[in-house]
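The listed protein sequences correspond, in order, to chains Y and X.
Under this note's numbering, think of the first position of the first sequence as 1, with each following residue one higher.
Under this note's numbering, think of the first position of the second sequence as 1, with each following residue one higher.
Hints listed in this document are in silico derivations from the structure and should not be mistaken for laboratory results.
Honestly, I wouldn't trust all of these hints.
Repeated chains share a single entry, so a pair holds when one copy, or any two copies, can fit it.
Straight line, CA to CA, 30 Å or less: simulated DSS-like cross-link-like pairs of lysine-lysine [what the hints assert, rightly or not]:
no. : residue 1 : residue 2
1   : Lys144    : Lys98
2   : Lys50     : Lys225
3   : Lys246    : Lys52
4   : Lys108    : Lys98
5   : Lys108    : Lys246
6   : Lys142    : Lys246
7   : Lys108    : Lys142
8   : Lys144    : Lys306
9   : Lys155    : Lys261
10  : Lys50     : Lys300
11  : Lys108    : Lys144
12  : Lys52     : Lys144
13  : Lys160    : Lys188
14  : Lys155    : Lys306
15  : Lys142    : Lys98
Number of protein chains: 2
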Amino acid sequence: MTKFTVLILGSASASPTLNRNPTSQLINISEQYYLVDCGEGTQLRLRANKIKFQRINHVFISHLHGDHYFGLMGLLQSMHLLGRTTALNLYGPPELIKVIEIQLEVAKSTLSYPLIFHATNTEQSEVLYEDEKVVISTIVLKHKIPCTGFLFKEKEKPRKINIEAINKYSIPKYALNRIKKGEDFETKTGEIIRNSLLTFNSLPSFSYAFCSDTSYNEEIIDTIKDVNLLYHEATFTEEHLERAIKTRHSTAREAATIALKSNVNQLIIGHFSNRYTNLDVLLEEAKSIFENTHLAEDNKIFDVSKTQ
Amino acid sequence: MTKFTVLILGSASASPTLNRNPTSQLINISEQYYLVDCGEGTQLRLRANKIKFQRINHVFISHLHGDHYFGLMGLLQSMHLLGRTTALNLYGPPELIKVIEIQLEVAKSTLSYPLIFHATNTEQSEVLYEDEKVVISTIVLKHKIPCTGFLFKEKEKPRKINIEAINKYSIPKYALNRIKKGEDFETKTGEIIRNSLLTFNSLPSFSYAFCSDTSYNEEIIDTIKDVNLLYHEATFTEEHLERAIKTRHSTAREAATIALKSNVNQLIIGHFSNRYTNLDVLLEEAKSIFENTHLAEDNKIFDVSKTQ
Numbered sequence: 001m002t003k004f005t006v007l008i009l010g011s012a013s014a015s016p017t018l019n020r021n022p023t024s025q026l027i028n029i030s031e032q033y034y035l036v037d038c039g040e041g042t043q044l045r046l047r048a049n050k051i052k053f054q055r056i057n058h059v060f061i062s063h064l065h066g067d068h069y070f071g072l073m074g075l076l077q078s079m080h081l082l083g084r085t086t087a088l089n090l091y092g093p094p095e096l097i098k099v100i101e102i103q104l105e106v107a108k109s110t111l112s113y114p115l116i117f118h119a120t121n122t123e124q125s126e127v128l129y130e131d132e133k134v135v136i137s138t139i140v141l142k143h144k145i146p147c148t149g150f151l152f153k154e155k156e157k158p159r160k161i162n163i164e165a166i167n168k169y170s171i172p173k174y175a176l177n178r179i180k181k182g183e184d185f186e187t188k189t190g191e192i193i194r195n196s197l198l199t200f201n202s203l204p205s206f207s208y209a210f211c212s213d214t215s216y217n218e219e220i221i222d223t224i225k226d227v228n229l230l231y232h233e234a235t236f237t238e239e240h241l242e243r244a245i246k247t248r249h250s251t252a253r254e255a256a257t258i259a260l261k262s263n264v265n266q267l268i269i270g271h272f273s274n275r276y277t278n279l280d281v282l283l284e285e286a287k288s289i290f291e292n293t294h295l296a297e298d299n300k301i302f303d304v305s306k307t308q
Numbered sequence: 001m002t003k004f005t006v007l008i009l010g011s012a013s014a015s016p017t018l019n020r021n022p023t024s025q026l027i028n029i030s031e032q033y034y035l036v037d038c039g040e041g042t043q044l045r046l047r048a049n050k051i052k053f054q055r056i057n058h059v060f061i062s063h064l065h066g067d068h069y070f071g072l073m074g075l076l077q078s079m080h081l082l083g084r085t086t087a088l089n090l091y092g093p094p095e096l097i098k099v100i101e102i103q104l105e106v107a108k109s110t111l112s113y114p115l116i117f118h119a120t121n122t123e124q125s126e127v128l129y130e131d132e133k134v135v136i137s138t139i140v141l142k143h144k145i146p147c148t149g150f151l152f153k154e155k156e157k158p159r160k161i162n163i164e165a166i167n168k169y170s171i172p173k174y175a176l177n178r179i180k181k182g183e184d185f186e187t188k189t190g191e192i193i194r195n196s197l198l199t200f201n202s203l204p205s206f207s208y209a210f211c212s213d214t215s216y217n218e219e220i221i222d223t224i225k226d227v228n229l230l231y232h233e234a235t236f237t238e239e240h241l242e243r244a245i246k247t248r249h250s251t252a253r254e255a256a257t258i259a260l261k262s263n264v265n266q267l268i269i270g271h272f273s274n275r276y277t278n279l280d281v282l283l284e285e286a287k288s289i290f291e292n293t294h295l296a297e298d299n300k301i302f303d304v305s306k307t308q
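The whole structure should be built from the sequences, with the hints applied where relevant.
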């Protein structure tokens, strides 16, 4: 089984508490690290979880409210002080790079590594990154300022070789890559050996959608439909619906409704207002709509491949 | 006895560790709070120490290296979210306000309270703040970028009224304020009653100097001479003197030499490079020059009035 996990580094909304840092998550897909949002204190949360900063090559920032990025400069700085030379890819709203540049400028400082900035289009979903294993794209959210979520989708995995069959039919090594992709094999004598005889079904591919911060917005359903795991902010309960509408946030019931309508396997809610000292009220509200709901808790790991 | 304490909120240099935040200190003089530097995570350190943010009305930033101010935006933001309306005075290098303004601008955000910015003159010592109890001025430091320390000096305190004598000589109440200032009293009949008959000596006044970050610099001695408590950075030991010179920092021996030559009562060293897991080597090096040296440790309180 390949790895696909989400480590919660911060689950608070704008005002952190002693137990809850502002938003940040580390996504691990086959030992590639992707950092999503970077609230104040993220570098210490990473350190407490024994995550090596230098293994992070891609950082995604949803929007430019401070609780989603005030830890970024400190992390960039620490990567520099640790002697990083590998390029770091940073994805976020266009103005983010200005904010970074002015802070380097006033410190008369440069970074020891290339910082490659990719401005996100906050109006329309787009693919930000793609390799042989994963596609990462944006989810357009509705918030007070331009904001995107991020969708992490594993690509279809190669079929698993049936070694016994490979030996039986004396299949040459050079042909294995194409067979893993599902192709049949043609022998020198022109005989066709069906792929289904040579391989087992591939492992399933998993997907994770990160949606923070946003008003209730059914337009995202098409994009996140059928994902295994959905993180959706739930800043308030229905009791504070008016406040949710005013601040362009969601209630726990709304987050669960999106999960239900999107046919996801599992929902994580987070970005809790610090008015809730006991979060059960948020969890119960969400569960009444969508049973398989869990609370984001700092330092907790969710396994995307086990979301049934 | 009036209160004059220094609470260490962060004692690390640029790379924080799990036990040491980057630089920040809270100075309490007669229950007025002054925050000095504000590295990432300062707001949580304040919270952990049960310090009410809203009681801080003056924030001093020494220079624009991130480990001295990356926690400032988060603190300003939390003060806003908590509904602050009282003005906040911020003192720091001129470019600091640009860095704040751009971060408010990209968040399309304003603060709920007036932020009054006072640009520091990083070339020449100046008084930044003064009231009936305290004078706060800058100490010009020598670092890679413009940097000032801060000197907190209690003013001479009023003389203590000798109540028995006041009754004996039937001194009217309206005269007490002038008597506390040391004036004699003239009765209606023209008789002069000496102040020394009416008062006791005033309580002593204390002083604290904060010096971070800086090369060894004897030019500061005149400014900080005879302070009760000196905080002086000691990023390295003498073994790394070359590195100290290159990065414009001080060694523990250098910090202690400044303390000795400045005739201070007590020295705190801090801003330790994270290469030192055991800080005794820094402490011993300083103590060999200046015995009354202490290590800055996160969450530790130093009492300036007990520095003998």
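Legend entry - Alpha-carbon proximity between Lys155 and Lys261, which holds within one copy, between copies, both or neither at 30 Å: Within one copy only: 24 Å inside, 68 Å across.
Legend entry - Lys246 and Lys52: within-copy, between-copy, both or neither at 30 Å Cα: between (39 Å within a copy, 28 Å between copies)
Legend entry - Homomeric proximity label, Lys142 with Lys246: Cα distance no greater than 30 Å: within (12 Å within a copy, 49 Å between copies)
Legend entry - Identical-chain pair category, Lys108 with Lys144, by Cα at 30 Å: For Lys108 and Lys144, only the inter-copy Cα distance (9 Å) is at most 30 Å; the intra-copy one is 33 Å.
Legend entry - Same-copy or cross-copy closeness of Lys50 to Lys225 [CA-CA at most 30 Å]: For Lys50 and Lys225, neither the intra-copy (33 Å) nor the inter-copy (45 Å) Cα distance is at most 30 Å.
Legend entry - Up to 30 Å CA-CA - Lys246 versus Lys108, copy category: between (40 Å within a copy, 15 Å between copies)
Legend entry - Homo-oligomer pair classification [Lys306, Lys144; C-alpha up to 30 Å]: neither (34 Å within a copy, 52 Å between copies)
Inset, instruction - Could you figure out if Lys144 and Lys98 sit no more than 30 Å apart (CA to CA) within one copy, between two copies, both or neither? - result: both (20 Å within a copy, 23 Å between copies)
Legend entry - Homo-oligomer pair classification [Lys306, Lys155; C-alpha up to 30 Å]: The answer is within: 17 Å in one copy meets 30 Å, while 66 Å across copies does not.
Legend entry - Homo-oligomer pair classification [Lys144, Lys52; C-alpha up to 30 Å]: between (34 Å within a copy, 29 Å between copies)
Inset, instruction - Indicate which option fits the pair Lys50, Lys300 if close means a Cα-Cα distance not exceeding 30 Å: within, between, both or neither. - result: both (13 Å within a copy, 26 Å between copies)
Inset, instruction - Pop the pair Lys108 and Lys98 into one bin, within, between, both or neither, using alpha-carbon distances up to 30 Å. - result: Classified as both: same-chain Cα gap 15 Å, cross-chain 15 Å, threshold 30 Å.
The structure fails to meet hints 2, 8 from the earlier list, while all remaining hints are met.
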